Amino acid sequence: MRPSNSRFTPFDGVSSLLLVGVAAFYLLFLASTAVYLGWADAAHHLARPVLWQRLGLTLSTALISTGVAMIVGIPGGYALARLPLPIPRVLATVIELPMMVPPATVGVFLIGAVATPPVAPLLKIAGISLGHSTAGVILCQVAVTTSFAVCLCAAAFASVPARVETVARTLGATWPRAALGVTLPAARNALLGATLTVFARAAAEWEAVMLFVGASRGATDVLPFAVFLDWNEGMMGGVVTMSLMSVTVATLASLGASLVRRSSRVG
Amino acid sequence: MSVESVWFRRVLWAQLGALVLAVSWLFASNLDTLFPAGGPFAGGILSRADFWRSLNLSVLSATATALVAAALGIPAAWALSRRALAWHRGADILLGAILALPASSVGLALVLLFQYGPLDWLQAWLGVRVIYTLPGILVAQLVLALALGLQAWRAAFEALDPRLELTARTLGANSFQAFWRVALPAARPGILAGLVLAWLRAMAEFGAVLLFCSTFRELPASRFGELARWLHVDRADLLAVAMWVEIEFGRVEAGMGMAFALAMTCAACVYLVRLNGGRIRGH
Chain D
1 MRPSNSRFTP
11 FDGVSSLLLV
21 GVAAFYLLFL
31 ASTAVYLGWA
41 DAAHHLARPV
51 LWQRLGLTLS
61 TALISTGVAM
71 IVGIPGGYAL
81 ARLPLPIPRV
91 LATVIELPMM
101 VPPATVGVFL
111 IGAVATPPVA
121 PLLKIAGISL
131 GHSTAGVILC
141 QVAVTTSFAV
151 CLCAAAFASV
161 PARVETVART
171 LGATWPRAAL
181 GVTLPAARNA
191 LLGATLTVFA
201 RAAAEWEAVM
211 LFVGASRGAT
221 DVLPFAVFLD
231 WNEGMMGGVV
241 TMSLMSVTVA
251 TLASLGASLV
261 RRSSRVG
Chain S
1001 MSVESVWFRR
1011 VLWAQLGALV
1021 LAVSWLFASN
1031 LDTLFPAGGP
1041 FAGGILSRAD
1051 FWRSLNLSVL
1061 SATATALVAA
1071 ALGIPAAWAL
1081 SRRALAWHRG
1091 ADILLGAILA
1101 LPASSVGLAL
1111 VLLFQYGPLD
1121 WLQAWLGVRV
1131 IYTLPGILVA
1141 QLVLALALGL
1151 QAWRAAFEAL
1161 DPRLELTART
1171 LGANSFQAFW
1181 RVALPAARPG
1191 ILAGLVLAWL
1201 RAMAEFGAVL
1211 LFCSTFRELP
1221 ASRFGELARW
1231 LHVDRADLLA
1241 VAMWVEIEFG
1251 RVEAGMGMAF
1261 ALAMTCAACV
1271 YLVRLNGGRI
1281 RGH
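In order, the protein sequence lines correspond to chains D and S. Here this note's numbering is used: position 16 in the first sequence is 16, and no number is missing along the way. In this note's numbering, each residue carries its 1-based index in the second sequence increased by 1000.
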């Protein structure tokens, strides 16, 4: 889309150079872990079962918390996109806040959130203990990703024109039927992309885990947390291998989300 | 409205109400920690010089990072908006992957690049070292702040009608004039939103800085240069890192005070973005 009289100016060169430079840096950044490690070391460390056990813990906790986040996020996002909010900016700020504050502060705030009545007695009755446990890890992931899920789902629903629903309702469908039968299928791919993004975010969570749950071998050492713990103990090879696993999860999720979203141009 | 629709509306409102309540609880349930019985407000951080140095360091470094990110990212985003579709898809995947990385992997990748990789040679050639130094904080912040800013800036430029710039070009403007006088003003809300988001992301940086730079509070004052002491950023950590140190040492009230300082800054920024009409997308 270049104009017919386009001359190549210095600004074209500089901006293109910046674009290529930034892209090259990020590519280098993603590849650095794999390049540093090399094949031989990777094979050596990948034979250690503890790494696979941590990957399993990361993926399973992230799967559960993604499920919870999307169960809240899909209706929440629909409500955010379609309901006439009374004080829209304030409410949107409140809902977005947990995804914008540093995850480490979410971990700090969780300390009070579960220790204050009525939550503390309820947890006691239910027999749930969160310190140094996998349940605590899942709580952290849910706390960090839920508002992210709501915002992504709201964007997915907002991409389906409200007119489509109005037409369905004029033709005799009730609101819930129009929402579930027309809008939800139309937003399906965008929601699928959102789910993958939320999953990647949950699998990357460790700051809140470190501050709220604490380290416990086999229960809370999800990959990103284990990278930090072992880094402090100077176990470089294992650390880089685990980081490579995290980078792979993030890259695959981003690739998947992009592929899914590409086939979802609505309206 | 049918009975079904009335109930549907009620369920949606209840869902939204529960969400707002849960988030409010997350923050409000900690307010009592700020006012410990018999102790000073927030563990006395307001009278501690290192807290103010930390705040100073966080604000100054986030501002510097956001400005560098803007100088690199806004022209790059503009160049991207004029590229073919394949570039856009590549940028989608690459930025998505960078923003989905755990902070510990970001910090580790920086260590590898600056300690063992090509940037090690660059540093040797330039005669500087950034790892475990205050300027290293800027490097660690820039990785994610730039990625987040780029997403906002490219969205802002892509939303523009391409005919605006084309018209300017036919009327004799060169590409820089078309960018500076037409595209940039027209995309202003999105550009500003990206700037605030990049600043906020830098302010909130924690894990990458912890791995790449460690902490500075225990170091002797002689380890810091004239400039750092003049700016009052020596022997201080980013607010999020300082908060972590306080919690690790069991000073929960002080850590909570810093957590609230960060949360209030974030709330103000998010509200500012909203007020400005910008949208927050991605993370």
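Hints listed in this document are in silico derivations from the structure and should not be mistaken for laboratory results. Predicted model, so just to flag it, every value in this text is computed and none were measured. Ideal Cβ placement from N, Cα and C applies to all residues, glycine included. A hint or two may mislead.
Stated by the list, open to error - Across the chosen pairs, the derived CB separations fall in these ranges: (1) G1017(S) / L184(D): 18 to 28 angstroms; (2) W1025(S) / G56(D): 29 to 39 angstroms; (3) G1017(S) / A40(D): 55 to 65 angstroms; (4) V164(D) / T1170(S): 30 to 40 angstroms; (5) L85(D) / W1025(S): 16 to 26 angstroms.
What the hints assert, rightly or not - Reference excerpt, derived from the structure (chain S facing chain D, CB under 7 angstroms, subset only): (6) S1002; (7) E1004; (8) T1033; (9) W1078; (10) L1108; (11) L1113; (12) S1175.
Enumerated hints in conflict with the structure, sorted upward: Of the numbered hints, all hold.
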